[in-house]
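**Q** Numbering (mature numbering (1 follows the signal peptide of the UniProt record, and there is no 0)), first residue to last: -26 to -1, 1 to 507.
Be a bit skeptical, because a hint or two may be false.
What the hints assert, rightly or not - Derived pair list, reagent style BS3-like, types lysine-lysine, alpha-carbon separation capped at 25 Å:
hint, residue 1, residue 2
1, K434, K97
2, K112, K162
3, K162, K97
Hints are computed from structural coordinates only; laboratory data are not their basis.
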Amino acid sequence: MRPINLIAGIGAMLCAAAAPIFHAQAEEPVKGGTVTFLMSPAPQILTSAITTAGAEQVVSSKISDSLFTYDFDLNPKPLLAKSYEVSEDGKRVTFHLREGVKWHDGEEFTSEDVAFTTMEVWKVLHGRGRTIFGNVEKVETPDKYTAVFVLSRPSPGMLKSLAAQQAQILPAHLYKGTDILTNPANLKPVGTGPFRVVSFTPGDNLVLERNPDYWDEGKPYIDKLVFRFIPDAATRSAALEAGEAQIAPQNLVPMVDLERLQATGEFEVTTKGYEFQNEMEMIEFNLDDPVMKDIRVRQAIAHAIDKDWIVDNIFFGYGISAKTPLHPQLTELYDASDVPQYDYDPEKAKALLEEAGYKPDANGTRLKLVVDPLPYGEHQNHVAAYMREAFREVGIDLEVRAQDFAGFVKRVYTDRDFQFTVNLLTGGSDPTIGTQRTFWTPSFKPGVGFSNGSHYSNPKMDEILESAAAEMDAAKRKALYHDFQKLAMEDLPVLPLTAVESTTIANKRLKNHTIDANGTYSNFANVYLEPAQ
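Please work from the sequences and hints to get the whole structure.
**A** Shown next, in the form of structure tokens:
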């Protein structure tokens, strides 16, 4: 075994990696007060254990802790697990759990909760968990404070995936023997985290209060955390400017407003805190659709899009044109060399459509398509509107279909009644966390959101992904993921558009909102609010 004490063993590393952030904690944190956090869309439930939806991840991470959080270099930091050990063959991972942790209802948190959630929830019901924990054969619980993951194959990416937004632990005593998807605790969760639920008004607000029995003594610092769900971007900006809210993450304030708000001297904007996310905006083609299954049509769409224009005019430079499905921040695995690219070339797009049998009518229209942009912030809608105009040049009449978040998820991942989406998918800190689910055949399961919506299936791709997920040698793993990137762009089940650089804007009085790679997806136990001057 290779023991790793998360509390003592990474102390020096934490000082180096997070020094600028933790320097702020040299000041005595101010206790008390209410912080208002702006969100859109609104969460449908209050747990992320059974969904990959971003809103659920942000809010539920404050209610229930996970085994780890991660520093800016994606090294694990202790939460419910205080240390772990990995066997020499990589097939046994032992977690030593923190003792004396209580669920909000007073029951003790134990290894049974970890085992139950891993085997009955993550592996079965979670869009990413089905890939992340696919190699976990069982979880042994030799005592209340020890959980041993027994793997069929090594899984180097698993240890990078145990933050709350990916791997929230549920209380076995409330979920075991129930229908997990409809359990009432999904709407009124009992967690282990620094905040407890006071009230939830779906579509409007969520009110959390300080957990006085939180295991990390003295925290959290704030008394109340209020989430306001505001669908309109201008209204969100106005709420910040009026002092009605203190923070808005994930590009929820229009790019055009960021500079203006910063100029007031009251706000700061950061792109830190998304290292764990690595979000990619991409088109997801429905390969069951008779038009979309023709690769010439997919290639034509790719050549009809100016990705650089999208970065410059929709993201205002906060991102780069995507060349592969991997985010370039994954420097140890990203490799776009020898990977097929689809440069902006309307004439080539027309030729491909002609070859596919789509000839222009008297109005120059070759075919009519429908796109479903993800209703998460405004960027996907803006990209879809841009495509509607750009596609006219190549003879595509594009309808942009609007719907709410729940309607989008049902249409795309349950009913499968769509042609293609403009989607925002989290790649995560390792491809096994977020990227694999989009390309791996077993990830296709109608009803599971954001999991192989294309219904893409290629045995060669499955073999590459499964081998890469288990490969312990860094050079061999990088070579396998280069093969993945190349094949993904050849088959083109999805078209990567933008490697997103997300922003968080916060009032300068709000401290410690971004102290690690989880950023605003962290538990906010360290957050405090300085008094107004």
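**Q** Would you pick out the hints that fail for this structure and give their numbers low to high?
**A** Result: hint 2 breaks, nothing else.
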